[in-house]
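Asker: In order, the protein sequences belong to chains A and B. The first sequence begins at 23 in the numbering used here and counts up by one. The second sequence begins at 150 in the numbering used here and counts up by one.
No wet-lab data here; the hints were simulated from the structure. Glycine included, every Cβ here is placed at the ideal spot set by N, Cα and C.
If you want the footprint, here are the derived chain A segments under chain B, 3+ residues with CB under 8 angstroms:
1. 60-67
2. 114-122
3. 126-133
These stretches of chain B come out as covered by chain A in the derived footprint (C-beta under 8 angstroms, 3 or more residues):
4. 183-191
5. 251-258
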Amino acid sequence: DAEITQSPRHKITETGRQVTLACHQTWNHNNMFWYRQDLGHGLRLIHYSYGVQDTNKGEVSDGYSVSRSNTEDLPLTLESAASSQTSVYFCASRSGSSNEQFFGPGTRLTVL
Amino acid sequence: KNQVEQSPQSLIILEGKNCTLQCNYTVSPFSNLRWYKQDTGRGPVSLTIMTFSENTKSNGRYTATLDADTKQSSLHITASQLSDSASYICVVSRYSGGGADGLTFGKGTHLIIQP
Numbered sequence: 023d024a025e026i027t028q029s030p031r032h033k034i035t036e037t038g039r040q041v042t043l044a045c046h047q048t049w050n051h052n053n054m055f056w057y058r059q060d061l062g063h064g065l066r067l068i069h070y071s072y073g074v075q076d077t078n079k080g081e082v083s084d085g086y087s088v089s090r091s092n093t094e095d096l097p098l099t100l101e102s103a104a105s106s107q108t109s110v111y112f113c114a115s116r117s118g119s120s121n122e123q124f125f126g127p128g129t130r131l132t133v134l
Numbered sequence: 150k151n152q153v154e155q156s157p158q159s160l161i162i163l164e165g166k167n168c169t170l171q172c173n174y175t176v177s178p179f180s181n182l183r184w185y186k187q188d189t190g191r192g193p194v195s196l197t198i199m200t201f202s203e204n205t206k207s208n209g210r211y212t213a214t215l216d217a218d219t220k221q222s223s224l225h226i227t228a229s230q231l232s233d234s235a236s237y238i239c240v241v242s243r244y245s246g247g248g249a250d251g252l253t254f255g256k257g258t259h260l261i262i263q264p
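One chain only, chain B, in its complex shape (with noise of 0.2 angstroms):
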């Protein structure tokens, strides 16, 4: 079965602190995975796209990273802000082109940042 597995549910940090998200997925075949941003009361914005081939790709403060063989991924969030409270969501998608039933979502991590 195609799932997604995303750990913590939720986290707390002090603004300024780093943290990492997991998403570890059983999707197959493996086309791309994506990293979302939900801000409370707003629909999801999307951060990354990862391919099979790429191991790491950075927006500003945001890392993510993947390794197809164990198929996990982490999202590295540098120096948080408050403005980075919220949900994110790892979206797996099964093949490239997306198509609705090609994608499975994660139930996301809630994220708090603290001043």
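Next up, chain A with everything else stripped away, as it sits in the complex (with noise of 0.2 angstroms):
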């Protein structure tokens, strides 16, 4: 069956160290995004693609990037990681005929 996969599923860091986190999906899929699930705020789109090599900033992008070589992952990167960024990370995808989309699992993310 396909799914979407998201690892580590679990991550602590220290401030200013590089986080890369994974996502994985099998659907073939073009469209691949990551949210941040912080409470209060429920979901807020960081990054976004269409397809490979596009990507688009989200609403809270500042101090993540994402790149996109495939169809099937879109990793997402933390460049220096700041406390602020301690959340619970999804990656969702979706097919270019439907604006359901598929979430994966979640990374849960703290930062020291």
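Two independent chains are provided; combine them into the complex using the hints.
Answerer: In structure tokens:
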């Protein structure tokens, strides 16, 4: 069955370190998204991609970057982790013909 | 400003009882509205989608309603079960086909079903 996976599921890092969160989907969807979810804020869009070599900034993109070298993967990089980036991160994908997004299981990131 | 407001923030009910969750939105132009269920420690999963012309849609014990004139939606859960304990998120799309910048997320209602 097609799925979307994230790794690691939990990560603890220190302020200033570079961190990369992986997202892999086997739906063959062109569209992929990264969100963060914090108490009191709901899901907020960080970056998204409509296809290979395409990346776009969302509403909370500062301090994050993504790259899209193939259809299946959209890794999220925190260039220099900050305590404000402690959050739960969700990756999602969708086909071009629907706006239903399929979400991964999430990565809980703690920045100390 | 495009906004989605959900109420209540949290709700506790006894197993077997019914409940209704509310979603009010100011998103324009409206394309469709989805309700997602998010279990603890998991990603959200779509329950229903409603377009402008639809008033009611059911998915098992879940029934969603939409009033596009008043820009309100509700999610009614019948005969609640312990497995219904989750957060329920209302998501409104500004135009068909989605697109990352076309979605506005509510903050969710946290529902707890007590035995």
